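Single-letter residue listing:
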Amino acid sequence: RKEVEQDPGPFNVPEGATVAFNCTYSNSASQSFFWYRQDCRKEPKLLMSVYSSGNEDGRFTAQLNRASQYISLLIRDSKLSDSATYLCVVGGGGFKTIFGAGTRLFVKA
Amino acid sequence: DTEVTQTPKHLVMGMTNKKSLKCEQHMGHRAMYWYKQKAKKPPELMFVYSYEKLSINESVPSRFSPECPNSSLLNLHLHALQPEDSALYLCASSQIQGTSRGANVLTFGAGSRLTVL
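Order-wise, the sequence lines are chains X and C.
With the working numbering, the residue at position 89 of the first sequence is 89, and numbering never jumps.
With the working numbering, the residue at position 22 of the second sequence is 22, and numbering never jumps.
A couple of the hints might just be wrong.
Said to hold, decoys possible - Here are the simulated lysine-lysine pairs, DSSO-like style, with alpha carbons at most 27 Å apart:
1) C:LYS22 / X:LYS2
2) C:LYS41 / X:LYS45
3) X:LYS2 / C:LYS18
4) X:LYS79 / X:LYS45
5) X:LYS96 / C:LYS40
6) C:LYS19 / C:LYS38
7) X:LYS108 / C:LYS40
8) X:LYS42 / C:LYS18
9) C:LYS40 / X:LYS79
10) X:LYS42 / C:LYS38
11) X:LYS108 / X:LYS45
12) X:LYS45 / C:LYS18
13) X:LYS2 / C:LYS40
14) X:LYS45 / X:LYS2
15) C:LYS19 / X:LYS42
16) X:LYS79 / C:LYS22
17) X:LYS42 / X:LYS79
18) C:LYS22 / X:LYS42
19) X:LYS108 / C:LYS41
20) X:LYS45 / C:LYS38
21) C:LYS40 / X:LYS45
22) C:LYS36 / X:LYS45
23) C:LYS18 / X:LYS79
24) C:LYS41 / X:LYS96
25) C:LYS22 / C:LYS53
26) C:LYS53 / C:LYS40
Stated by the list, open to error - Derived Cβ-Cβ restraints for the label pairs, each shown as a range:
27) X:ARG41 / C:LEU73: 42 to 50 Å
28) X:SER52 / C:MET15: 44 to 52 Å
29) C:HIS77 / X:GLY9: 32 to 40 Å
30) C:PRO61 / X:PHE106: 31 to 39 Å
31) X:ALA67 / C:LYS18: 20 to 28 Å
32) C:PRO61 / X:LYS2: 22 to 30 Å
33) X:SER52 / C:THR115: 40 to 48 Å
34) C:LYS18 / X:GLY16: 50 to 58 Å
35) X:GLU3 / C:ARG113: 35 to 43 Å
36) X:LEU80 / C:LYS40: 34 to 42 Å
37) C:TYR51 / X:ALA29: 37 to 45 Å
What the hints assert, rightly or not - Under 7 Å between C-beta atoms, here's a sample of chain C residues computed to sit facing chain X:
38) SER55
39) LEU90
40) PHE108
By construction, these hints were calculated from the structure, which means they are not laboratory data.
All of these numbers come straight from a predicted model, not from anything done at the bench.
Built from N, CA and C at the ideal position, the CB exists for glycine as well.
From just these sequences and the hints, can you work out the full model?
In structure tokens form, the structure reads like this:
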């Protein structure tokens, strides 16, 4: 089993749609959780950290369920500019940050 | 604009060449990282430096040699590379892990795209 597993992509959605990405992690001792966004041929950039209480940033909502070792990202009112690869990232303590394989999102007009 | 600067942006080298990739950050971060990313794959950790000392080497072949001259600079020296080493090499930095929620948040540079002929 991979340490961090994400929904297989790609997701093709129309503008304005709501889309949800899921991610599971295997190490119950993991301490930090993030969603990064990576545009084609660019570097990953932090989208949001994920906290047990859940957190929201505009159209983006992230949730963490430690009991189920599950992380989610919800994007509401999708924009064309949301098209990217979304990487689920889990910190296991120390400096080992494990990246999921990523989920590609295409938002169409 | 990225706060982690990598040079060069593109590098083409032969298998017998010696070259270096450079990374600089001025965010006061004391952890710096090298990642390798192949097309359509996630970044893979290579090395981590904390307080200018090598903390993690993910069993990287010795043809890759990291160096951290000071808290702002990180180099990756390349020698006798193979064509399969062609990839995007990403430098990142972060605060040292602690109780801060900002700890371990990685800030990446734009990367150096390496082609080995």
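Hint check:
1. C:LYS22 / X:LYS2: Outside the cut-off at roughly 32 Å; violated.
2. C:LYS41 / X:LYS45: It holds: about 16 Å lies between the C-alpha atoms, which stays within 27 Å.
3. X:LYS2 / C:LYS18: Not OK: LYS2 of chain X and LYS18 of chain C at ~35 Å, beyond 27 Å, violated.
4. X:LYS79 / X:LYS45: Holds - the C-alpha atoms of LYS45 of chain X and LYS79 of chain X are around 18 Å apart, at most 27 Å.
5. X:LYS96 / C:LYS40: Status holds; Cα separation ~21 Å.
6. C:LYS19 / C:LYS38: It holds: about 19 Å lies between the C-alpha atoms, which stays within 27 Å.
7. X:LYS108 / C:LYS40: Satisfied, since the Cα-Cα distance of roughly 21 Å is no more than 27 Å.
8. X:LYS42 / C:LYS18: holds, 26 Å
9. C:LYS40 / X:LYS79: holds, 22 Å
10. X:LYS42 / C:LYS38: With a Cα-Cα distance of about 12 Å, the restraint between LYS42 of chain X and LYS38 of chain C holds, given a limit of 27 Å.
11. X:LYS108 / X:LYS45: Distance of about 22 Å is within 27 Å: holds.
12. X:LYS45 / C:LYS18: Outside the cut-off at roughly 30 Å; violated.
13. X:LYS2 / C:LYS40: holds, 17 Å
14. X:LYS45 / X:LYS2: Cα-Cα ~23 Å, so holds.
15. C:LYS19 / X:LYS42: holds, 22 Å
16. X:LYS79 / C:LYS22: violated, 36 Å
17. X:LYS42 / X:LYS79: Holds. LYS42 of chain X to LYS79 of chain X sits at ~19 Å (cutoff 27 Å).
18. C:LYS22 / X:LYS42: holds, 17 Å
19. X:LYS108 / C:LYS41: Within the cut-off at roughly 24 Å; holds.
20. X:LYS45 / C:LYS38: holds, 17 Å
21. C:LYS40 / X:LYS45: Holds, because 16 Å separates the two Cα atoms, which is no more than 27 Å.
22. C:LYS36 / X:LYS45: Within the cut-off at roughly 16 Å; holds.
23. C:LYS18 / X:LYS79: violated, 45 Å
24. C:LYS41 / X:LYS96: Given that 27 Å is the threshold and the Cα spacing comes to 17 Å, the pair holds.
25. C:LYS22 / C:LYS53: Judged against 27 Å, a Cα distance of about 17 Å means the pair holds.
26. C:LYS53 / C:LYS40: violated, 31 Å
27. X:ARG41 / C:LEU73: 42 to 50 Å: The hint (42 to 50 Å, Cβ to Cβ) is violated, given that ARG41 of chain X and LEU73 of chain C are roughly 25 Å apart.
28. X:SER52 / C:MET15: 44 to 52 Å: holds, 49 Å
29. C:HIS77 / X:GLY9: 32 to 40 Å: At roughly 36 Å between Cβ atoms, GLY9 of chain X and HIS77 of chain C fall inside 32 to 40 Å, so the hint holds.
30. C:PRO61 / X:PHE106: 31 to 39 Å: The hint (31 to 39 Å, Cβ to Cβ) holds, given that PRO61 of chain C and PHE106 of chain X are roughly 36 Å apart.
31. X:ALA67 / C:LYS18: 20 to 28 Å: violated, 51 Å
32. C:PRO61 / X:LYS2: 22 to 30 Å: holds, 23 Å
33. X:SER52 / C:THR115: 40 to 48 Å: Given about 43 Å between the Cβ atoms, the range holds.
34. C:LYS18 / X:GLY16: 50 to 58 Å: holds, 53 Å
35. X:GLU3 / C:ARG113: 35 to 43 Å: Given about 27 Å between the Cβ atoms, the range is violated.
36. X:LEU80 / C:LYS40: 34 to 42 Å: Violated, at about 21 Å.
37. C:TYR51 / X:ALA29: 37 to 45 Å: Violated, at about 24 Å.
38. SER55: This interface hint holds because 6 Å falls under the 7 Å limit.
39. LEU90: Nearest chain X Cβ about 6 Å off; hint holds.
40. PHE108: With Cβ-Cβ at 4 Å, under 7 Å, it holds.
Checked against the numbered hints above, the structure breaks hints 1, 3, 12, 16, 23, 26, 27, 31, 35, 36 and 37 and satisfies the rest.
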